[in-house]
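Chemist: These protein sequence lines are chains U and V, in that order. Per my numbering, the first sequence runs over residues 1 to 181. Per my numbering, the second sequence runs over residues 1 to 806.
One should not assume that every hint holds.
As the list claims (entries may be wrong) - Under the rule of at most 35 Å between Cα atoms (straight-line distance), these lysine-lysine pairs were calculated in the DSBU-like manner:
#, chain 1, residue 1, chain 2, residue 2
1, V, K416, U, K150
2, V, K427, U, K146
3, V, K118, U, K24
4, V, K552, V, K505
5, V, K8, V, K552
6, U, K146, V, K8
7, V, K8, U, K177
Quick caveat, the hints were computed from the structure, so don't treat them as lab data. Predicted model, so just to flag it, every value in this text is computed and none were measured.
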Amino acid sequence: MSSRRAVRERLLGRRINTMAETMKIPVSITLNGSIVRADVEPRMLLVEFIREVAGQTGTHIGCDTSYCGACTVLVNGRPAKSCTLLAVQADGWSVNTVESLESGDTLNVLQQCFADKHALQCGFCTPGFLMAATGLLEQNPDPDDKAIRKGLGGNVCRCTGYLPIIEAVRSAAVVIKERRS
Amino acid sequence: MNAPFRRKEDNRLVRGRGRFVDDEGGRALHVRLVRSPYAHARIRSVDVSAAEASEGVICTLTGAEVATLTNRFMQIAPPPADQVIDYCMAPDRVRFQGEPVAAVVATSVALAVDAAEKVRVDYEPLPVVVDAVESLRNETLLHEQVGTNESWGSLFEWGEVDKAFADADTVVTIDRLKFHRFSSTPLETYGGVVTWEASGRIDMLCNLIQPGVAMKFMAPALSVSPEQLRVRTQDIGGGFGIKQNLYPYLMIAALCSRKAGHRPIKWIEDRREHLQGSAHGNERTFLDIKVALKADGEITAVSATHIDDCGAYPRYEPLGGVIWSQVAPASYRLRNLRINFRQAMTNKCPVGPNRGFSRMQNVWFLERVVDICAHEMGIAPDVMRQRNYIPEMPWTTPNGCVYDSGDYAAMLAMAKEMIGWDDWIAKRDAMRAEGRLVGIGIGTALDSGTNNFGQSTIVNPKSGLSGNSEAANVRVGVDGSLTVIVGSVPQGQSHETVAAQIVAKELGVPEDIVRVASGFDSERATHTSHSGTYASQFAVTSVGAIHGAVEKVRAELLTVAAMLLQKQRSELRTGVFGGVAGVGTADGGSHVSFADISNLINTKTAGLPAELEDITLNCRYVYRAPFQLPDPVRKYGNLTLTYAAQVHVGVIEIDPLTHNIHVLDYAAVDDCGRVMNHTIVKGQVIGAAAHGFGAALMENLRYDANGNLLTATFSDYCPITMLNMPNIRYGNRESPSPFTYNGAKGMGEGGGGPIFALSSALQDALAASGARLNQSHYSPSDLHAVMTGAPARGVAQVSATRQRPI
Ligand code: FES
Ligand code: FES
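Chain U on its own, in the form it takes in the complex (with noise of 0.2 Å):
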């Protein structure tokens, strides 16, 4: 049996039953300010609907054990891995995607600090952290390297060895606090 059947077994709490499950749910999600609403399988995940039914592939997929964190978005607000969430169980929430920390054609300042602290080298991990450090930065404007690294611990990065990114959030912690005052 594949992994990602398995975890959504797991979420479902019960056998997929193959003929059950071609039955169709309509779901309405607000994503990135706009509603998407399609039919979709109860098995669907939300990292399936927002790259395949919303389109939006900034959204990665690295792993089937939700490990590694490249699906992180908000969902209501809070960091969320989208492949550990059923497209169903979404149903009439908010969900923000990294597509929609740029405001027109300017980069936020998470954007702006991992670019210039080189804290990506792929960029296949970067959605993801990005969305994971903005909802650390919401709970914790000011966090010290331990409480980034333990909010970003969720989050795998394969190329830049983790330094510039812990680097680049501190900065950005920096930054929005200047603007603030």
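Got chain U; can you put chain V with the ligands on it based on the hints?
Modeler: Just chain V with the ligands, lined up with the frame of chain U:
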């Protein structure tokens, strides 16, 4: 570099607007592979009827069909291992867990997955061999027609080994050292969108990182010309060498496409598939190690048997069987070496050239030898290294490789100073007095770059590969901008940024008028058979090609400008004139813009003077590294062009309760010659170091005796995260390479520095116990076994025999 750091790639990537392979193929059909749960089994039958009747299914493909539709992959090995039968899908027998046996094509991923679960495969399990040393006893053969599990083996001997042992003051023997199996597991898995078009062209949009070599494997297997394959890449989510082994899967997708009526097929591997079936790093066991030493600690000879484990099918191997010898003596002046190198096939995932490929294993081996000998001789590990480091550059190794530049002793001194060596020694001793287990270790890593493919003739004189090359193209646009195309296949290494930086600097124009169209395209972009991003070569091959193309474009620009301005070419230079990129005189009194020159050649072409007929402003240059074929009998020759180096020093503590290893302090000094971009180089060093820490502390591809991979998900494999990544003090030295035009060397593989330094520090932490550690990876339970004296494989049997009174 005083300007703020900017990468051309980042603007799209931080917006989530990168274009990765999984973002493409919207109209494609999807394929799901059925993979073997057994590590070794005969396939009695494959029944796809239920799958084919399943909703949304277009077609299926079985291994038996593959065997009729394709040829087996060519083998790099000479006889008898050239007889290995390797298809992109197993026809009648599986040899590793996760090997594909059937494919199901459907209109969606979910329907393909549903149908794939209905494929019935009847297996007859066979005996399994997972240990390379055991495999060489040939009790269970993987490929009967080969007659042995040895994919390749040869004796490498240089210098006067017997004499060195006879003259030695002390001989140290070590029974066994073991470099474990791990992988850098790029965050983006393998994937492709493949169409076998009705015209015969096969279009492969994918994340392959060494297309030229992969095309060499695929084309004959598919009975097509390599030129019929259009291989192209876009953004790639990390590769680290592992994505070299993607080609069997692209072939499956191609065959599915043809069977599905030439429709595009999308295949994206999931993480379990990646861990079980993509590629792993080489695992190596070192046996019967003998070291000859002088009384002062100088190592004069080493002999050993190296047994490499390449998994079930050699694929890119046995090239690793010679690539290690690029760094045969590691960073040491050692002149006498006898290495019996043997490579075994086992019932495990095939290996691929993972970051640090084959050299890292050998350098780890010699670093362990140096540390163990230092302990036996009672010499401090830093002193031991200083006595043995290569004393001058360039240095010709006993096997004819030429180390270009670097000063390892100075790098060690720098790393020691950065970490506060003397203070740490005092602190360590004080902590030990309190009963704490603290150790300090050193790792000297080498990152040899720009490999001479001619070394393949040492493995097989008929390899048909030699040299190394790369192509670049620079074009002047009608608006005066410059477009650069290069054959490299970046996966995060910032090639767009560095290429633009070089072109801008050489022509004296701003970087923002330079556009780099990155991404490989065998049909529409420039490339050579060696193109790709692997073996630390961008800084030499791609940069060499870009430099050559810039020189050609410059010459053309000057020719046209000289005519327009009525000047001698020698009076003119490129640069910015009146705020615009152009060509002009040194005083700027007379100039013409790139845009005007380009329009003359491309737009207003009527009446173009005959002297300008050959001008294109679209110039291609092929850089060829200055290599000769090595002598395959003596196994002698220059195998690689540049040698970047790193010295790492780390302090660790073992938690007495959990046996977790904590890094207390760490310094890494890098020397990759002239640095083209400090931020990017530092990024590569820290990134490579994370792979080393991960490998030493967490990541281990562990198999049970039945060939089940026990770490087949990220949650079991546990790639290093921010929670475990230590802080690093970073230092840089620049020893320009005399062999490259700008003094830069290839870098980025990192060579495994933290694995060496942590092995060394662990050894030091447990020195008092007398245990000599022999593995590159210790889980807490492994360490517990070592520390409680349980009979464990994690300890080497070491002896030191003094042959001469001192
Ligand atoms: S894809 Fe969601 S955590 Fe890895
Ligand atoms: S930048 Fe490549 S995985 Fe993080």
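Chemist: Find the hints from earlier in the document that the structure breaks and name them by number, from lowest to highest.
Modeler: none
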